[in-house]
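Asks: Using the hints provided, position chain B relative to the given structure of chain A.
2 protein chains.
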Amino acid sequence: MGIIRASAFSVSIDGFAAGLHQTIDNPFGERGMALPDWMLKTRMFHTMTGRNGGSTGVDDGFAERSMENIGAWIMGRNMFGPMRGPWPDESWKGWWGPNPPYHTPVYVLTHHARASIEMEGGTVFQFVTDGIEPALKQARAAAKDRDIRVGGGASVVRQFLQAGLLDEMHLALPAVLLGAGESLFAGLDLPALGYAPVDRLTGENATHVKIGRKSA
Amino acid sequence: MGIIRASAFSVSIDGFAAGLHQTIDNPFGERGMALPDWMLKTRMFHTMTGRNGGSTGVDDGFAERSMENIGAWIMGRNMFGPMRGPWPDESWKGWWGPNPPYHTPVYVLTHHARASIEMEGGTVFQFVTDGIEPALKQARAAAKDRDIRVGGGASVVRQFLQAGLLDEMHLALPAVLLGAGESLFAGLDLPALGYAPVDRLTGENATHVKIGRKSA
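If you read the protein sequences in the order shown, they are chains A and B. Here the first sequence stands for residues 5 to 220, where the numbers follow the working numbering. Here the second sequence stands for residues 5 to 220, where the numbers follow the working numbering.
Same shape as in the complex, but just chain A (with noise of 0.2 Å):
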């Protein structure tokens, strides 16, 4: 069966994964963008994009590998858009356009719920309101074994670690400092719930680091 991992997920040196005042044109916040930006060097960023060229290190293959197997992405609200409350109207479809990168079913978690949305290429975008376990169960039948990846941003990858129910995170550590914003560390003792380092890489502009489930 697949696991369930957050897998190229950025996070600055102080420890954020997204800066304060998210807007439509800053979708990662205040200097936000300095976050994935190894990610948007890479060839599998630039042939998502239906660009050529890109790096083919490290970091491409990490973004690669980011993407491989997925069956089903569950993700937070504020990772599909920037507006905060009830939607008010059906219009915004995520930063994306027609066809997202993702192929799959995507879990968006709300407190608001809202029609499911079809868009091209296979992602479905479904509307969550009752927490991350239904999600995950709904994530689980549509993967069949296939891995689940949890988005974004800090604020869910923090519920899924709280509860345990992450198999594996993959950490991209530019050299970044943001200085306020979404921190994904904040009151989280990883090492009490049993996650530890498991592996270390070099990529040429991001340290990756896996943390997975401490052999007990």
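Calculated directly from the structure, the hints in this document are not laboratory data. Careful: at least some of the hints might be erroneous.
[To be verified] With a cut-off of at most 30 Å between alpha-carbon atoms, the simulated DSS-like pairs for lysine-lysine come out as follows:
no., chain 1, residue 1, chain 2, residue 2
1, B, 45, A, 214
2, B, 218, A, 45
3, A, 97, A, 148
Replies: For chain B alone, coordinates are given in the frame of chain A:
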């Protein structure tokens, strides 16, 4: 004139410079010895402790440079020893034996006055009870044109950063999770204080990031 710097300052992925519950047997607190492990493996540290061997790569280069051209040290009382509150007696003279590796004046920030201690090899521990700026003034007079190294721990480094007094900070980032302890970053907005990453290099057992003042 020399600069004011923190060097070879080890921080976990989750932002801690020491674990909880420092004791005489555990100067870096619970699980904390994983933090300086990269440095303990270098030739610099082997030589400093009278042994042959040790790694000679990037980690060792940073370890070597961390000790060069220093005219005075400033450290917090918890880096000097595990006791808290008033000094019980004059017996504690640091973790480092009769000939500490500093060989300069060392200004120890504390709320509890104590007579200076002259050690072998030129190290003189001097206890400063009126804060970082008086300590810095004394350190500058002692260091003349050499660098002043702010040793740690997190609290002292944070005070220097908050006051904008640190010229350069070299962080060593091993793939370590502590879960709890002394946070370097909590509530500290380094970009707002004028700091930015200036370099990133990969060592055998830690990633090294240099942080300096933003060119305004």
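Asks: Among all the numbered hints in the text so far, which are the ones the structure does not match?
Replies: Structure breaks no hint.
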